[in-house]
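Asks: Take a look at the letters that make up each chain.
Number of protein chains: 2
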Amino acid sequence: MIERIAILGTGLLGTSVGLALRAAGYRGPITGWNRSPDGAHTALTMGAIDSIASDPIQAAKDSQLTLLSVPIYATLDLMEQLSPVLGPDQLVTDVGSTKGQITAAAGRLFNSQDRAAFLPGHPMAGKERGGADLGDANLFRGAVWLFTDDPAWERSASASALVADWRRWVVAIGSRTIDIDPMRHDKLVAWVSHLPQFVATALSALLEDEVGEAPELKDVGGRALREMTRLGSSPYSMWRDIALTNTDAVEAALFALEQRLAYIRENLRTPELRDEFERANNFRRE
Amino acid sequence: MIERIAILGTGLLGTSVGLALRAAGYRGPITGWNRSPDGAHTALTMGAIDSIASDPIQAAKDSQLTLLSVPIYATLDLMEQLSPVLGPDQLVTDVGSTKGQITAAAGRLFNSQDRAAFLPGHPMAGKERGGADLGDANLFRGAVWLFTDDPAWERSASASALVADWRRWVVAIGSRTIDIDPMRHDKLVAWVSHLPQFVATALSALLEDEVGEAPELKDVGGRALREMTRLGSSPYSMWRDIALTNTDAVEAALFALEQRLAYIRENLRTPELRDEFERANNFRRE
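So the protein lines, in turn, are chains A and B. Residue numbering for the first sequence is -8 to 277, as defined by this note's numbering. Residue numbering for the second sequence is -8 to 277, as defined by this note's numbering.
Just chain A, same shape as in the assembly (with noise of 0.2 Å):
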């Protein structure tokens, strides 16, 4: 079972993984590794992690678990470093928002007999800011933990103990998994969270250019456009990536918003806007 525990990239999920797993009763120990030093020791002051790793590789070598919690390139560029260096009783896991890309990494530089396992995951929870300091134990709790795993893969005993034990680790700590391909799952997030993220992005842009001038009148928005525009704080440095490796989904995606749109405006006086209301009400139904 899963005794020692390498977390890289200490930013707000991997700081959370850590804390929340310590809540969850996890007592082996955790080291983390962060590219800024920074953040490694303000996940160190919040007892997410036990030690901070000056080397990456290494962590992970001496790992049972490694945790890749850094944007979806730099977790490619680990995985191609960890591949040749870890073997069949050690699992690599990550929370990359994209899963095409990673999950046939995984297929090509792990998952056989005798390499270790990489377990693709994908937790969907988060905030419209990054950082170690908004790390929270109960970021998982009631969130859907997606895992894009193949079944095909031919893994080692060990590293399938390992895995089971992952799972369970993710459901102690208040995620419910769900399995999915790949491919559905880089096309079903494009349109529950990348949409709306670019949603909110284009709504704040918008409309720092027609009443950022003016402060006062952002208040006159209330709650409702406060909601609207709060993932428009989410720094580009978080969605780059995203933007990168599913482009085409979400190209679709926005391209039937902006046709949804143009319905709207040209049915602002036509029974038409009410079956779109209703369309919306249904899907806020329960």
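Hints should not be assumed to be uniformly reliable.
No copy is singled out in the list; a pair is fine if it fits within one copy or between any two copies.
Unchecked claim - 30 Å max Cα-Cα, derived BS3-like pairs, lysine-lysine:
hint	residue 1	residue 2
1	K118	K209
2	K178	K209
3	K209	K52
4	K52	K178
Read the hints as simulated data drawn from the structure, not as lab findings.
Take the given structure of chain A and dock chain B to it, following the hints.
Replies: Quick look at chain B alone, frame taken from chain A:
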């Protein structure tokens, strides 16, 4: 000073005003009328009003302040009916979400020396659904309450005193008042209130078509999706009159957002995406 109040329309806003006035120390009688008797009965049970009026016109005649808290076209209808029967010792005010037509009617039908005053108002507070049962004494706390009063109107001294007193009650129930030109009001709310609503409706309706068949997948979006689609619950009946009385400004805002989404879609792989995120970040910065 205001000692007798009629609330015509005891939905969410009318009921909340009654509850808020009581909480702020208003002691005079409040009579309430509602098109459907159920809503009036609920408001009475909740203590928002202390009697139910069977005739809205008579209730207004018997009051110093009449609050019209009904949809926009119903407000315009009541204004026509009330104008000839009220006098210069009386004030009518409203909560309508668009102010162009209502303010024009207020100048035509009220606000001369021998007529009742009409103060056009718009509290920027609400919920995604209406109804007396959602009434809340704290609904207006921290909210902006817009007025589109016209300095050119020449009211009687007693009507002016009632206007000043109502403005004090609006502050007493927790709102910040802003005076704004009615045309500017309608353009502003098209951006900060109507656009967010129609975006949420479009996004919810689109997602109902795309993932509505798989309810478990709605959970995948988590808090971000819930927030971005909360307003999707709003019924057509709350928005029909807004779409009909602010069509040009809403059309312009929707078209601008369509352009903005297309710009993001075309720049998912370019540095322009970074600039768009930064503009959005600026909007959210204090």
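Asks: Each hint should be assessed against the structure and marked as holding or not.
Replies: Evaluation of the provided hints:
1. K118 with K209: For K118 and K209, both the intra-copy (22 Å) and inter-copy (18 Å) Cα distances are at most 30 Å.
2. K178 with K209: Classified as between; 13 Å across copies, 34 Å inside a copy.
3. K209 with K52: Classified as neither: same-chain Cα gap 51 Å, cross-chain 38 Å, threshold 30 Å.
4. K52 with K178: neither (34 Å within a copy, 61 Å between copies)
Hints 3, 4 from the earlier list are contradicted by this structure; the remaining hints agree with it.
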